[in-house]
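There are 2 protein chains.
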Amino acid sequence: MDEKAATILVVDDEEDIREVLKDRLEFSSYRVLTASNGVEGLARIRVERPDVVLLDLQMPVLDGLGMLQGIAAGQLETCVIIMTAHGTIQRAVQAMKGGATDFLLKPIDPEDVERVIRRALEQARLRRENLRLQQALREAQDQLLLEMQRELRIAHEMQMGLMPQESPTIAGFEIAGMCVPANEVGGDYFNYVWLDEGRTRLAFLVADVSGKGMAAATVTMRFNEVLRYEVQGRSAPQDILRGLDAALRGRIGELTFVTGCIGALDVAKRVVRIASAAHPMAYHYTAKDGLVRQVAPSGLPMGMTLPPGVGGDYPEVEALMEAGDLLVIYSDGIPEAQDAKGAFYEDARVAEVIRGRAGQASAQTLMDHLLRDVDEFRGEIPQLDDMTVVVVKCLE
Amino acid sequence: MDEKAATILVVDDEEDIREVLKDRLEFSSYRVLTASNGVEGLARIRVERPDVVLLDLQMPVLDGLGMLQGIAAGQLETCVIIMTAHGTIQRAVQAMKGGATDFLLKPIDPEDVERVIRRALEQARLRRENLRLQQALREAQDQLLLEMQRELRIAHEMQMGLMPQESPTIAGFEIAGMCVPANEVGGDYFNYVWLDEGRTRLAFLVADVSGKGMAAATVTMRFNEVLRYEVQGRSAPQDILRGLDAALRGRIGELTFVTGCIGALDVAKRVVRIASAAHPMAYHYTAKDGLVRQVAPSGLPMGMTLPPGVGGDYPEVEALMEAGDLLVIYSDGIPEAQDAKGAFYEDARVAEVIRGRAGQASAQTLMDHLLRDVDEFRGEIPQLDDMTVVVVKCLE
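Those sequence lines, one after another, are chains A and B. Reminder that position 16 of the first sequence reads as 16 in the UniProt record's numbering, one-by-one numbering, no gaps. Reminder that position 50 of the second sequence reads as 50 in the UniProt record's numbering, one-by-one numbering, no gaps.
It is possible that some hints are incorrect.
No copy is singled out in the list; a pair is fine if it fits within one copy or between any two copies.
Below, simulated SDA-like cross-link-like pairs (lysine to any residue); rule was C-alpha separation at most 20 Å, straight line [claimed, not checked]:
| no. | residue 1 | residue 2 |
| --- | --- | --- |
| 1 | Lys-97 | Gln-123 |
| 2 | Lys-106 | Ile-89 |
| 3 | Lys-212 | Met-148 |
| 4 | Lys-97 | Glu-114 |
| 5 | Lys-97 | Asp-112 |
| 6 | Lys-269 | Leu-131 |
| 7 | Lys-288 | Gly-312 |
| 8 | Lys-212 | Arg-153 |
| 9 | Lys-212 | Leu-146 |
| 10 | Lys-212 | Arg-44 |
| 11 | Lys-288 | Asp-112 |
| 12 | Lys-97 | Ala-72 |
| 13 | Lys-288 | Leu-131 |
| 14 | Lys-22 | Leu-121 |
| 15 | Lys-22 | Gln-364 |
| 16 | Lys-212 | Met-160 |
| 17 | Lys-212 | Gln-75 |
| 18 | Lys-288 | Gly-66 |
| 19 | Lys-212 | Glu-157 |
| 20 | Lys-288 | Leu-121 |
| 21 | Lys-212 | Leu-162 |
| 22 | Lys-212 | Gly-161 |
| 23 | Lys-269 | Val-317 |
| 24 | Lys-269 | Ser-210 |
Simulated from the structure, these hints should not be mistaken for lab results.
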C-alpha cells in the first residue's frame, strides 16, 4: 500500500485541532476524515475503515477510552494514536492496554504526528502481511488435508464397493453380511459367489488381510479379483482356499497373509461345507437343541511364505442346515474388541448373542444386533479393528 | 498453577524498596527474588523464570527500558510491571510499547501491587493456556496430516510394487520400462508376462486407467490381478485384450475404462504382434531406413459399458524386429505434457527423440532420455499426468 494514500481519521471535539491536523495531513497527501466524538468516530471507522485514527481522550458523548473499547469490541482493524492535553501516566497506560498504538501529547508537533503516523502505518502493514501469510499457510495446509482426505475417502469407497451391496436371494434361506472398517480402509473382506450357472451352490467368504489401513486394503482389492478367478470350476471350499493360497504366495509381501473362512451351501441338500485358513470364527446354531458349535476346521493362512510342501491343506467339515439353523462367520475384530477396562468381547459372547437371538431374529437383525452389541460393549473406546459378519439362516 | 506459589522478581536499585516489597509479598506467600539492576535482573530471569517482574525504570548499569529490551530480545516468558517515581507519559508509553504488562507509580501502595500482580498472573495464565491449546491443535493437525501422508505413501508403494522392478532377460533383445506417477498414486500401469513356460514369447503391456489418483490406482491394482489370469492359455494380444475387456466390463464403474497396448514378442521369430485398446502410442523404429512408424491398430477401450455386440474387437499388426530396431509403447502423459506456454510435447517429438537416439542408445538410455526430455520440456510446470514407457530393442 502506498503510505501517502492512507486514510486518517481525526477524532477531536475541538474544531480548530481537527482543521489544523486535516490541513497538515492533506498537504502531505493523506486522505483525512474527521469526527467530533467517539460515537461519530466509531461510525466513520465502520464505514471508511481508516488506516490510522488520531484520537482525543477527553470528548463529550463518548470519550477516547470508550471509543477504544468500541474498536476492540467491534474487532475493527485500525491503528489508534491517542492525543491528549490532559495526560496522566495512568490514562496513558490505560490507553495502551486498551489497544492504542501510540500516544501524543498536545499541543501536537506537526513533525511528530507525521512520524508517529508513518510508524503506525508500517507496523500495520507488517501485521497485515503477517496475518496474510499465516492465513495462506493455513489455507494451503487445509487444502492439502482436504485433498488427502478425499483420496483416502475414495480408497474407502472403492474397497467397500467391491463387497456385496445386497444379499443374494436363496430359496429357503436368508443371508446377510456386512463389513465395518475401523479406519477409512482396512483388511477385512467378505463376498458371496455362486459356484454354478444354475445357482444351486453359493459360496460365502469372510477374509482378513494381515496388517491395517492402506497396506491391507490394497491386498483386499487384489484378493477380490483373485477370488473371482480361483472359484472358477471349483465347488469345494478346500479347493478354493488351496487355489487362493497358491495364487497369493510370493505376491502379497513376505510378512503379509490372508486368513479366511469359506462356506459352500448346497441349496437343495441344505448342507454347508466349511473350510478355514486360520480363521476359526464360524458358528453353527442348531435350532432343534438350541446349541452353538464352532464349525471351522484348522488350516494355515493363505499367501504365507512357507517351506515347500507345507500348508495348502484345508480340511472340510459339513453342517446340515435345518429350519431355524444359523451359520455365522465373522472376523477377529469382533471377539478382540476391547472395553474401557481392557476386557475382550470374546467368542463366547458371540455364541451367547447367537443363542439368545436365534429364535426370533432374521439373518439381518441378528447381524445388526451382534454389531450393535459390540459397539455397546466397547462404549467410549474407539473401534481398533475391522469387523465383518456373514449370517446364513435356514428358513424352512 | 496456584497463584500464591508464583515467583516474583523485584528489580530495583534501592535496597529499602526491594526489602519492603519482598517482605510484603513473602507474607502473601509469593516466592520473591531480588536484583539491583537490569543486568542482574536478566540473569535471574534466565535462571529462575519468574512469573512476574516488578521493574524500576531508573537504575544504574542497565535501566528498566534496557532490561525490557533484553527480555524481548531473549524471548523470555514473563510479565513485567513497571514501577517508577520519575514518571512521564512518554516513558510510560515507551515501557508499554516495550512489552510491559502494567505500570505502577511510586511510592507504591501495597494493596495496589498485589492487585496488579494477581491481574498479571491471570493474564499470563490465559496466554499460556491459549498457546497450549493452539499448539495442541497444531500438533493434532500435523499428526493427522502425517498419518494420511503415510497411508497415501503406502498406497503408492503398493501400486509401484506391482510393476516390474527389473526387466526380463531375452536373448538378442533389451527391454526397459518405467512408470512415473504424477501424484502419489495414479492410473498408469505396465508389465511383462511370459506367455509360455519355455519363455519363447513375452508380452509387454502399457495400460492407463481413466481418471486420476486413488480412484484410478485401485483399478490398476485390481487390473494387475485380472491380467495375470487373462493371459493364461493365451498368446495373441487380441485375445488377451478381449479377455481383459470382458473381465472388466461392469466391474470398474460405469464411467471408468482402461486403455492399453500389448505387444507379444516371439523371441525366435523376432516378430512382435501388437493390439491396442484405444491406446495408439506405439512406435516401431526400423534401423535399416531410420524411419519411425506408428504401429498400434485401433480398438475400443477395455471395460467400457457398451451395447451388446459392440467392442471387444482388437485387430493386430505385426512388426518384424531386426538388428537396431526399437519398439516403444508409452502413455498419454508424455505427448500431453505441457510447457509454461501451454504447448503440448506431442507424439511427433517422441518420434523425433526415438529417431535421434536410436543409433547409440540402449533400451534403458533411450527411455531415460525420453523421460528427461519431457521433464525439460515441461520446465517449471508440474507433471499433471502419469508417464509410462516400455522400450524393446533388437540387438542382433
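What hint numbers does the structure not satisfy? 6, 7, 10, 11, 13, 15, 17, 18, 20, 24
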